[in-house]
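Order-wise, the sequence lines are chains A, B and C.
The working numbering applies: residue 9 is where the first sequence begins, and numbers increase by one.
The working numbering applies: residue 4 is where the second sequence begins, and numbers increase by one.
The working numbering applies: residue 119 is where the third sequence begins, and numbers increase by one.
Certain hints may be false.
Stated by the list, open to error - Below, a list of computed lysine-lysine pairs in the PhoX-like style, where the Cα atoms sit at most 20 Å apart: (1) B/Lys77 to A/Lys427; (2) A/Lys91 to B/Lys146; (3) C/Lys379 to C/Lys369; (4) C/Lys181 to C/Lys379; (5) C/Lys125 to B/Lys113; (6) C/Lys227 to B/Lys204; (7) B/Lys118 to C/Lys227; (8) C/Lys125 to B/Lys114; (9) A/Lys511 to A/Lys67.
FYI, nobody ran anything at the bench for these hints, they're computed from the structure.
One letter stands for each residue in the lines below.
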Amino acid sequence: MRKLLCVLIVCCLMFGTAYAAELNAPGTLPISSETIHFTIGVPNLAIVEDWETNEQTLKLEKDLNVDLDFVLLPSDKNERIQKLELMFMAGGDDLPDIIMGDNGDLSNIIRYGEMGMILPTTEYYKNEAYWTTDTLTEGGMTLEDELRYITCYDGEIYGVMQYNGSPNNCYSESRAMVYEPWLKQLGLEKPVTTDDFADMLRAFRDKDPNGNGEADEIPLMSYNDYIQRNFIRFLMSPFIYTQENYFNWNDGTIEFVANTPQWKEGIKWIHSLYEEGLILPMSFTQDRNSYTAILSEEPEKVGVFAMFSASNLGATDARRADYICLDPLLGPEGVRNGVYMPRIPAIRMMITKNCKEPEAAFRLGDYLCSQVMSLWTRYGEENVDWFPAAEDASGVYEDSFGYKAFFTVVTSWGVLQNKWWGVDTPCIILDKWSAGQAKNEADIYNHTFPIGRSMKKTVEYANKHPITGLVFTEEEQEVVTEYQATINDYVLQSFSEFVTGIKNVDTDWDAYVEEFNRMGLSEYMGAVQSCYDRMYK
Amino acid sequence: MTKTVSVMKVKKSREDKIFYAVSYAFVILLTLIVLYPLILILSCSFSSANAVSTGKVVLFPVDWSLVGYETVFKNPNVWTGYKNTLIYTVLGTLVNVSMTLICAYPLARKKLPHKGIFTFFITFTMLFNGGLIPSYLVMRDLKILNTLWVMILPGAIGVTQMIVARTFFVNTIPEELLEATQIDGCDDFGFFFRFVLPLSKAVIAVIAMQYAIVHWNSYFNAFIYLSDSKKYPLQIFLREILVMSNIDVSDIADPDTAIAMQGMADLLKYSLIVVATAPILCVYPFIQKYFVKGVMMGSLKG
Amino acid sequence: MGGRFRKKYGRYWQLYVFLILPVIYFVIFQYWPMFGLQIAFKKFSIAKGVWGSPWVGLKYFRKFLTAYQFRNVLVNTLTLSFYSLLASFPFPILFALVLNVIEKPRLKKTIQTITYMPHFISVVVLVGMIMQVFHPLIGVYGYVMRNLTGSMPKDLFADPQAFPHLYVWSGVWQNFGYNSIIYIAALTSVPSELHEAAEVDGASRFQRVLHIDFPALLPTITIMLILRMGHIMSIGFEKTYLMQNSLNLSKSEIISTFVYKIGLGSGASNDYSYSTAIGMFNSVVNLLLISAVNWVSGKISENSLW
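Next up, chain A with everything else stripped away, as it sits in the complex:
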């Protein structure tokens, strides 16, 4: 009898360990007494020197009692998705256990889930998201709210979230910046109306603020990639709200703004600026390198640029701290709003069907969202790479958003290093951290300080109904894919042609508007509206 019991117990033990490893309760470290092994597919970002020996990897392995191996995937998003889709189509046998990185939005991810290539984590999020909940609570957010954004329309969640809150960047999409020393020198205040703005540009052009006796000042400049972004948004916003894809929320209806009378007025005004020589013509064609070269010239040449920051200037160029944000302009019809694009959580880690320990994998992702790891992955180690702010320190963004100083970052971001992973993997970076830099007057090269003190009006006048986070169904996606690129390109092309005078805004306007109908605008907007109604009504 005893012998039988022994055999039974041994069998049970073997049976038990043959299946999933025994995990400790959520929130305890390590995850398990056994070392669990994972292979992780990561984007081959050149920012990380070696994933295997990276200090963050080592810390994770120690804290969680796991052993991590890495497979490098292409760093370009489109190529990476292409490669993953090939692997899915071939049956997925050579997929790593976990895939991290930005691999498409929910409409893609749900397809992979339906194929059975990636596993749902909905159950795990119910009870085991200890660290995620902890960090969210610290930031005044709830798990329930945030999960909404990563749940597919079949009700399942297919991975682990990332939230990269960055209040500054939420307001940067329609930002333009001006060189403060010139304003001071000419005795000007930041412009409020479109007329003020034009006057300021004229002053830059005529009054030789850089003092070299030549009329070589460039009042307003941008470069090719940014025409469709900050340039068009900042200059059009006093006439009509302009955001990505040219949508505007009007009491539940999504409108298209690029064929409206207000758009026409905006173009007329911008064209007049161009005609007066206030906009650098090469803004439409030059690339980033030329733009940076002009910006870096001595003496200073550029008055206003339409970009989100002055970080293009060399790291040792003190003028980085001299550019401040312009406020959204007030238009002739009283319109005044800039773009505010809220950050929402997104899926940055998927657990594939090859993973033998999906629950443990989820715990790994959850731990990455803990406060310690989230800060580590972006800012580094406490008291080594960043220091908690002193009690009386003032925050860079305190004036604009009211965020108190949280820390001072010492180690700079964006160099080849082996300390942290970066922000392509799960993490929760709270708004109050990323906007919580302490002011440090000695750091004269920091371009965020001037942004922080000049953003108040931008926040005040931001549009309250941004349109983002639309997740299309397959039918809607087909329509959108067919028309969106063509329509957006046409808007941009025509805008450039109207402003530079190739097309005449008075005589060619009607043909321009008519063209949209031929391009299928109504079908396109129909799909967009149906998606919006489904999601938000």
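Take the given structure of chain A and dock chains B and C to it, following the hints.
Quick look at chains B and C alone, frame taken from chain A:
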């Protein structure tokens, strides 16, 4: 009589002199035009990141700096990349050249029945391609994914190179030579190895170089078919850097990250280009010695 | 029956043996994957795979041919391609012929090595350099033109009409050296006796180039031209994409950039069916062109592909 001859002679040499002068001027001018950007790239690689980003480098290095090269060589990926690329290039080119020659020679023989059908069959593949998905599935079914073979076999015969070799055979190996050897009892195998190959040094050199260059620059096959980063060729690493310098801000959640990465890419870009390209550039001088005139004619006379 | 077969093919059996391996290669690595071409006629989804996706017939072809952009991208692609051909095809030949005249061997080798280097400059770097050089404010072009004319020169990148020229001639610059190698190699097989005899007969150097060197290159030239026809529709994507901007789009949008934007449009939902259909359209056009030129060439000279 003497007068006419000497007049003719003078006329000829002046005409020739002008022609020579124009020719020299032409090629030297072209070379200079080509040279400037090459020097620019070299100069950028020896300049500081800041100088490169702000466009200060115009001809000579600004803020002489070896940081670009240091960063590149410190990175272990570069060394494994070099090793892998060398292996793929050498083995791959061997396979390419042998397969191409044995394919081109029969099709160069005038009397081979149905050679037109074979040629069409082969040329058709240059025009129609199944695409990424079926190619991937085929490699998977052949079980060569993530192996050395997947870097060598898929491009084993380039249609263009094969046609080039065939054209060469057709136009420089005369029928008379073939007939002469056949009378002496030489068969096709023998003729190929003992006569055709030694006479084809120039074309072998050309296609070997073209294949080697394709292998050296290849990035796409590795990115699709390989998953072990220790097998990656050098070009993947170069490509990741180049992609970074043109990164689309909307793909990165944090725009400042994009700027920082672009700055780093600017630093590494030029140094990496020099490091990745220098070896293959050195191949050409070795190939040139095979472009020797009139190697063949002697054998016919005999 | 066996005897006749033997008689026709028997003497060539060794040549057919040579062909065995190459044919196997083409069947496995080129023809087998062609089964994937059917997705041009199917509504492909990665979940259902190649075989499981439903048939939709010519839907995607119709979609392409009636697309708003179709005529424009087709015209741009053909213009760019034929212009490229006209400019970049003769240049390497001319260069090879002239270089062959040069007698100093070390100078010759140096020039060959230098001119073949630009081929290796990656597209990203090349376009960056062009944009920098032609910048009206800070580029060499701008500097020279401002000193010549006293005013800011035109921005060539803003002008759709200038786009084809920028695109084509930068390509010529980049590749003429590398492309001339094959002609240089072909010229080495010109027997020196021919040149010696001509010299004795009183021909000038120029006449020798015209009557000996150039005809020797004709077979190679013909074949290269025919082969080139097979790539007319496949004009490069990356270079065009990098050189595009909102002002030159009317001339710089070609089939491959169009496919990229549509196929990878929003949210990276790859429309493989659509891009395969367009690819097939390109292949058919290429096939027609190469067949036509091949047929003409076969009639007027001895050189043809098949």
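Okay, the hints, checked on the actual structure:
At most 20 Å may separate the alpha-carbon atoms for a hinted pair to count; B/Lys77 and A/Lys427 meet this at roughly 16 Å. A C-alpha spacing of about 17 Å is found between A/Lys91 and B/Lys146, which places the hinted pair at or below 20 Å, so the restraint holds. This hinted pair checks out: C/Lys379 and C/Lys369 have alpha carbons roughly 16 Å apart, not beyond 20 Å. With a CA separation close to 15 Å, the supplied pair C/Lys181 and C/Lys379 stays within the 20 Å bound.
Using a Cα cut-off of 20 Å, the hinted pair C/Lys125 and B/Lys113 holds, with the two alpha carbons roughly 17 Å apart. A threshold of 20 Å between alpha carbons decides the hint, and for C/Lys227 with B/Lys204 the separation of about 18 Å falls inside it, so the pair holds. Between B/Lys118 and C/Lys227 the alpha-carbon distance is near 38 Å, which puts this suggested pair outside the 20 Å criterion. Between C/Lys125 and B/Lys114 the alpha-carbon distance is near 13 Å, which keeps this suggested pair within the 20 Å criterion.
For the hint pairing A/Lys511 with A/Lys67, the CA-to-CA distance comes to about 60 Å; that exceeds 20 Å, so the pair is violated.
Violation of the numbered hints given earlier is confined to hints 7 and 9; the remaining hints are satisfied by the structure.
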